[in-house]
Amino acid sequence: MRFVDEFRDAELGRALAAEILSAVEPGRHYKVMEVCGGHTHSIYKYGIDGLLPANVELVHGPGCPVCVIPMGRVDDGIAIAEQPGVLFTCFGDMLRVPGSHGTLLDAKARGADIRMVYSPLDALRIARANPDREVVFFAIGFETTAPSTALTLQRAKAEGLTNFSCMCNHVTIVPPVRALLESPDLRLDGFIGPGHVCTVVGARPFRFIPADYGRPVVISGFEPLDLLQSVQMILAQLADGRCEVENQYKRVVPDDGNLRALEAMADAFELRPHFEWRGLGFISQSALKLSERYADFDAELRFAVPGVRVADPKACQCGEVLKGVIKPWECKVFGTACTPERPIGTCMVSPEGACAAYYNYGRFAREREVV
Amino acid sequence: MRSNDPDLAPTCFADAAEGCITCGDQGVPVRVLSADETTALAVCADASGATEQIATELVGPVAPGDVLLVHAKVALAHLDAEEAAL
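Heads up: the sequence lines are chains L and G, in that order. Oh and the first sequence: position 268 is 268 in the working numbering, straight run, nothing missing. In the working numbering, each number is its position in the second sequence, counted from 1, plus 1000.
Honestly, the hints are just simulated from the structure, not real lab data. Quick reminder that beta carbons are idealized off the backbone N, C-alpha and C, glycines included. Hints are all accurate, no fakes.
Computed list of lysine to aspartate or glutamate pairs in EDC-like fashion (alpha-carbon distance at most 20 angstroms, straight line):
1. L:K250 <-> G:D1066
2. L:K31 <-> L:E57
3. L:K250 <-> L:D9
4. L:K250 <-> G:D1080
5. L:K108 <-> L:E82
6. L:K157 <-> L:E292
7. L:K332 <-> L:D312
8. L:K157 <-> L:E263
9. L:K157 <-> G:E1057
Incomplete in silico selection of chain G near chain L, CB under 10 angstroms:
10. P1029
11. E1052
12. A1055
13. E1057
14. L1058
15. H1078
16. L1079
17. D1080
Sequences are here, hints too, so could you generate the full structure?
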């Protein structure tokens, strides 16, 4: 397919890998964080890390929307799902994220009507088809997903649907990146910016990284050549002593983002004063809730929710993995007590999670190295 | 992309190897087969040929042959052929 096949060309990939090799200073260790979970997945799937010189390290960031959901929010979702008459909808990966008393899948097994959808628009369709049921959509995701929820809410309002509501867990990417840059644990040389978030918000919101923290950012696509070229562009900035936001993904990302999507989000959402991130704690103005205009569609106002904060399981080190402080395989329970089939931590649930991505692909390469 | 009926759709965690277009913040390119401006819906095909109905309000008018970036059945961007040159 156009826009896909040409970005998987092995010959060009080898040429880029050679360029990267020639650009690194021997003896210098480079740490580059890919913010987005989609990038983490592509890096392991295509073996990008194996094409890089040993002194270029990719550090996995907090950009998997499933991985950052704290247990308390899962408990709140289950509490709504188990109320009489509720038909609860959410994306597939959320079904397996453990709360303090099991997952949404466990609640479904106990009899709650929980259905997986691929879009909030599917939840809306279910609401139209089931006027006698309360249909709730559990919304998660960064700025890539928030516009689809906003559009759905606008349609629900225009249609006057009264049996549809949304439990909003949308988060924004800039505050956790700023929190990471403030963290003394981590020394990073540059960032691979989240291409599809930037499709919506544009390149501008990331200018604070070079301006305030002196680190280069390259907004990247998700195909193997996109990622290799983005690493090469970051290394070139470092070699030239430049520090700016560059856009490798111009075929998709305009500098201003998608204004229609931003308007829809501004209509449907407002910033929460603070929100808890798994592993990162409470971060100010880092998440969205439904705006006053959509209060009638707010599931947290329509239903009683416990709203209790739940500490993560002690054995789980998702927090350190999300901050890039440890690699997935350095977690004590990785691949033993915690697997994609029976995850303890959220990073093992979603394919975008660093632990699951590494478990599915990277461990084989590592096993070869060890042997 | 999957079946239009969520009740029949396979669970996405079953295909962990391919990732999930909705759970992660990742979009997929699709080609427009037909578009209806009144409803702001377009029938689109992904790389495997699977078709899906896509909401197009957020990208404005679309025409058959256009390539769109789609996330959670909502189009977020037109892909630009000139900028895609390697």
